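With the hints as your guide, set chain W onto chain C.
Each chain, written out:
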Amino acid sequence: MLTAADIATLWLTFKVASLATVLMLFIGTPLAWWLSRTNSRWKGICNALVALPLVLPPTVLGFYLLVIMGPRGPIGQLTSELGWGTLPFTFTGLVVASVLYSLPFVVQPLQASFAAIGAQPLEAAATLRAGPLDTFFHVVIPLAKPGFMTAAILGFAHTVGEFGVVLMVGGNIPDRTRVVSVQIYNHVEALEYTQAHWLAGGLLVFSFSVLLVLYSTLKTHPIAHQLK
Amino acid sequence: MTTPIIARFLLNYAAFELSVDLCLPGSGVSVLFGHSGSGKTSLLRCIAGLQQAGQGFLQINGKIWQDSESGIFIPTHKRSLGYVFQEANLFPHLTVKDNLLFGLKRIGKSTNDLSHILDLLGIAHLLGRMPDRLSGGERQRVAIARALALNPEILLMDEPLAALDFKRKQEILPFLVRLHQELNIPVLYVTHSQQEVAQLADHLVIMNEGKSLASGPLSDTLSRLDLTLAHEGDAATVWQTQVVGHEAEYHLTKVAFTGGVLSLPSLLLAIGTPVRVQIYARDVSITLQAPIATSILNVLSATITGIADADSGQNVVRLQVGTHPLLAHITHKSTVLLGLKIGMLVYVQIKATSILN
Chain C
1 MLTAADIATL WLTFKVASLA TVLMLFIGTP LAWWLSRTNS RWKGICNALV
51 ALPLVLPPTV LGFYLLVIMG PRGPIGQLTS ELGWGTLPFT FTGLVVASVL
101 YSLPFVVQPL QASFAAIGAQ PLEAAATLRA GPLDTFFHVV IPLAKPGFMT
151 AAILGFAHTV GEFGVVLMVG GNIPDRTRVV SVQIYNHVEA LEYTQAHWLA
201 GGLLVFSFSV LLVLYSTLKT HPIAHQLK
Chain W
1 MTTPIIARFL LNYAAFELSV DLCLPGSGVS VLFGHSGSGK TSLLRCIAGL
51 QQAGQGFLQI NGKIWQDSES GIFIPTHKRS LGYVFQEANL FPHLTVKDNL
101 LFGLKRIGKS TNDLSHILDL LGIAHLLGRM PDRLSGGERQ RVAIARALAL
151 NPEILLMDEP LAALDFKRKQ EILPFLVRLH QELNIPVLYV THSQQEVAQL
201 ADHLVIMNEG KSLASGPLSD TLSRLDLTLA HEGDAATVWQ TQVVGHEAEY
251 HLTKVAFTGG VLSLPSLLLA IGTPVRVQIY ARDVSITLQA PIATSILNVL
301 SATITGIADA DSGQNVVRLQ VGTHPLLAHI THKSTVLLGL KIGMLVYVQI
351 KATSILN
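Residue numbers (UniProt numbering), protein chains in the order written: chain C, 1 to 228; chain W, 1 to 357.
For the record, the hints were derived by calculation from the structure and aren't laboratory data. It cannot be assumed that every hint is accurate.
What the hints assert, rightly or not - List time: in silico DSSO-like cross-link candidates among lysine-lysine, alpha-carbon distance up to 27 Å:
| id | chain 1 | residue 1 | chain 2 | residue 2 |
| --- | --- | --- | --- | --- |
| 1 | W | Lys341 | W | Lys351 |
| 2 | W | Lys333 | W | Lys351 |
| 3 | W | Lys63 | W | Lys78 |
| 4 | W | Lys97 | W | Lys78 |
| 5 | W | Lys97 | C | Lys145 |
| 6 | C | Lys145 | W | Lys105 |
As the list claims (entries may be wrong) - What the simulated footprint calls covered on chain W by chain C, stretch by stretch (three residues with Cβ under 8 Å from a Cβ of chain C suffice, anywhere in the stretch; the number is not a length):
| id | segment |
| --- | --- |
| 7 | 71 to 78 |
| 8 | 95 to 109 |
| 9 | 142 to 154 |
| 10 | 245 to 252 |
Unchecked claim - Restraint-style ranges between C-beta atoms, simulated for each label pair:
| id | chain 1 | residue 1 | chain 2 | residue 2 | range |
| --- | --- | --- | --- | --- | --- |
| 11 | C | Ser209 | W | Ala15 | 51 to 57 Å |
| 12 | W | Asp98 | C | Leu218 | 22 to 28 Å |
| 13 | W | Pro92 | C | Ala190 | 51 to 57 Å |
| 14 | W | Gln240 | C | Gly44 | 55 to 61 Å |
| 15 | W | Arg129 | C | Thr217 | 23 to 29 Å |
| 16 | C | Phe14 | W | His116 | 53 to 59 Å |
| 17 | C | Leu218 | W | Gln240 | 53 to 59 Å |
| 18 | W | Glu17 | C | Leu218 | 42 to 48 Å |
| 19 | W | Ser19 | C | Lys43 | 30 to 36 Å |
| 20 | W | Val244 | C | Leu133 | 55 to 61 Å |
Bear in mind that the values here come from a model prediction, so they are computed numbers and not experimental data. Cβ coordinates follow ideal geometry from the N, Cα and C atoms, glycine included.
Okay, chain C solo, but in the shape it has when bound (with noise of 0.2 Å):
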């Protein structure tokens, strides 16, 4: 059965995880909002750059959040100075890098949804006397909700699923950065396969158990509206 440090880690990587998709979601609405909505140039550059851990080894990710949040990064030395220390190896550490590698999962859903609303239902408000913010608030909200849900659960699950990026960012270390998919790694590694299996077997539970539920109650397909 689950031992107590297994638990820790479920527990951390729970945390982590509703971390990182409450604040992918505050990032990634505005951003979201941006790119469906602008013909600016710099809106090419914006997505590949979003979608770049879509494609990137997580370890190419880590390994230069590593350097520019170290003690000689620009990142690094703007928190040291600013008195909390170097993020690498740090709780505050892996949910940073969490956002970033998990990123796409919760804009590109997002941007989906946003775009499929069209302009008519905004125009149709701003008739009815609701300013921009009233609008996004009370239509657009509204409107995307599967959009919503889409990149919440995407984003959870894509979290609670990552190895690479965490190993080079946040380590190994107990009740800080010591994650399920680490925990697995390290039972493997000491030969504990049963308990192993019992982490392995929990993880692909609850990613079937996450993509099933997505799948059966979104009318449209989360992935093909993606790239619609």
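For chain W alone, kept in the frame of chain C given last:
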């Protein structure tokens, strides 16, 4: 006394330019008429502020909504307007009732004054429904009610019937005609349908390639010989008349206008009711003397005010009956044989009329 609407816009796209300078009446229905691509919808969108013309001046009900010279551009949501889109454009996540209340909540008005609008458009029984459970015609009626609920200073309608099939159009038109009679705000109505022009317009603006070719009272514009409308096979003029009596034994109703009295097929309307009558140019013939014995009931005296050549031996003759203009399509041979000239007093025989309300 109502203040006129002043709208001047210059808008440039790659392959399209909108360049208008219009002064429209501050009451009644002004129809913007033209083919697709003529700029009529762009003009309406500029008036609503949904599109911003680089150079523009717009004054509605004495208020300036845009003046590019002094950098004034009031955003759409701060303009007191109602807008009806071609597609009803109801919010799919709200019930009919909440759609109607959407704008009202934002101007802080109570809901009591809705009942009249609900009656006018016949939608009181739909309040609890979601938009996807409405027919196309019902959706459009709700959209019109939603725009009117705000009690705006101007109502803008962008081809509100174009997306509907013939049956639905016939279902909505009577509501629009009623609106026309009851509203005291100016309405700008975009359409490419001559039927809607005849039924609804008081003032007609003809748009072509981003410019307004003509702008004037309906009958004056319809009967202008320098425009193609007067030359088309279904050219017609529209007269505003009033019921003055009935001849029950002949199933006829008499309506009066400034140039005399017309007999129409029996109408179940009270004396004094306004009636719009459409007269096609092909149904009008001209005689020099008052016909003594004719089966045609509607014979009126008229003055010729213009004669234009049309295709293949036809002439378009413009006449004045009282204060109302009238068009007649006759052969060129008849014009020559009768010696028709501008200023001549003649008699017109009207073979058929259609009643528009």
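Hints and how they fare:
1. Restraint check for Lys341/W and Lys351/W: satisfied, since their Cα atoms lie roughly 23 Å apart, inside the 27 Å limit.
2. Between Lys333/W and Lys351/W the CA atoms are separated by roughly 20 Å; this keeps the pair inside 27 Å, and the hint holds.
3. Between Lys63/W and Lys78/W, the direct Cα distance comes to roughly 12 Å. Compliance with the 27 Å bound is thereby established for this hinted pair.
4. Taking the CA atoms of Lys97/W and Lys78/W, the gap is about 23 Å. The hint holds against a cut of 27 Å.
5. About 21 Å separates the Cα atoms of Lys97/W and Lys145/C, which keeps this hinted pair within 27 Å; it holds.
6. Between Lys145/C and Lys105/W the alpha-carbon distance is near 23 Å, which keeps this suggested pair within the 27 Å criterion.
7. Under a criterion of three residues with beta carbons nearer than 8 Å to beta carbons of chain C, the stated coverage of the segment 71 to 78 of chain W is upheld, 4 such residues being counted.
8. Counting residues of the segment 95 to 109 of chain W whose C-beta lies closer than 8 Å to any C-beta of chain C gives 4; at least three are required, and the coverage claim holds.
9. Counting residues of the segment 142 to 154 of chain W whose CB lies closer than 8 Å to any CB of chain C gives 3, so the stated coverage by that chain holds, three being the minimum.
10. Chain C is given as covering the segment 245 to 252 of chain W, and this is violated because 0 residues of the stretch bring a CB closer than 8 Å to a CB of that chain, at least three being needed.
11. The supplied range of 51 to 57 Å is met by Ser209/C and Ala15/W, whose beta-carbon atoms lie about 54 Å from each other.
12. Range check, Asp98/W to Leu218/C: about 24 Å between beta-carbon atoms, so the 22 to 28 Å window is met.
13. Checking the proposed 51 to 57 Å range against Pro92/W and Ala190/C shows it holds: the Cβ atoms sit about 56 Å from each other.
14. Distance hint check for Gln240/W and Gly44/C: the Cβ-Cβ separation is about 59 Å, which falls inside the suggested range of 55 to 61 Å.
15. Range check, Arg129/W to Thr217/C: about 24 Å between beta-carbon atoms, so the 23 to 29 Å window is met.
16. Our hint of 53 to 59 Å for Phe14/C and His116/W holds, since their Cβ atoms are close to 57 Å apart.
17. Look at Leu218/C against Gln240/W: about 57 Å separates their beta carbons, and that is inside 53 to 59 Å.
18. At roughly 45 Å, the beta carbons of Glu17/W and Leu218/C sit within the given window of 42 to 48 Å.
19. For Ser19/W and Lys43/C, the Cβ-Cβ distance of about 32 Å falls inside the hinted range of 30 to 36 Å, so the restraint holds.
20. Separation of Val244/W from Leu133/C is about 58 Å and conforms to the stated range, judged on CB atoms against 55 to 61 Å.
Comparing the model with each earlier hint shows a violation of hint 10 alone; every other hint is respected.
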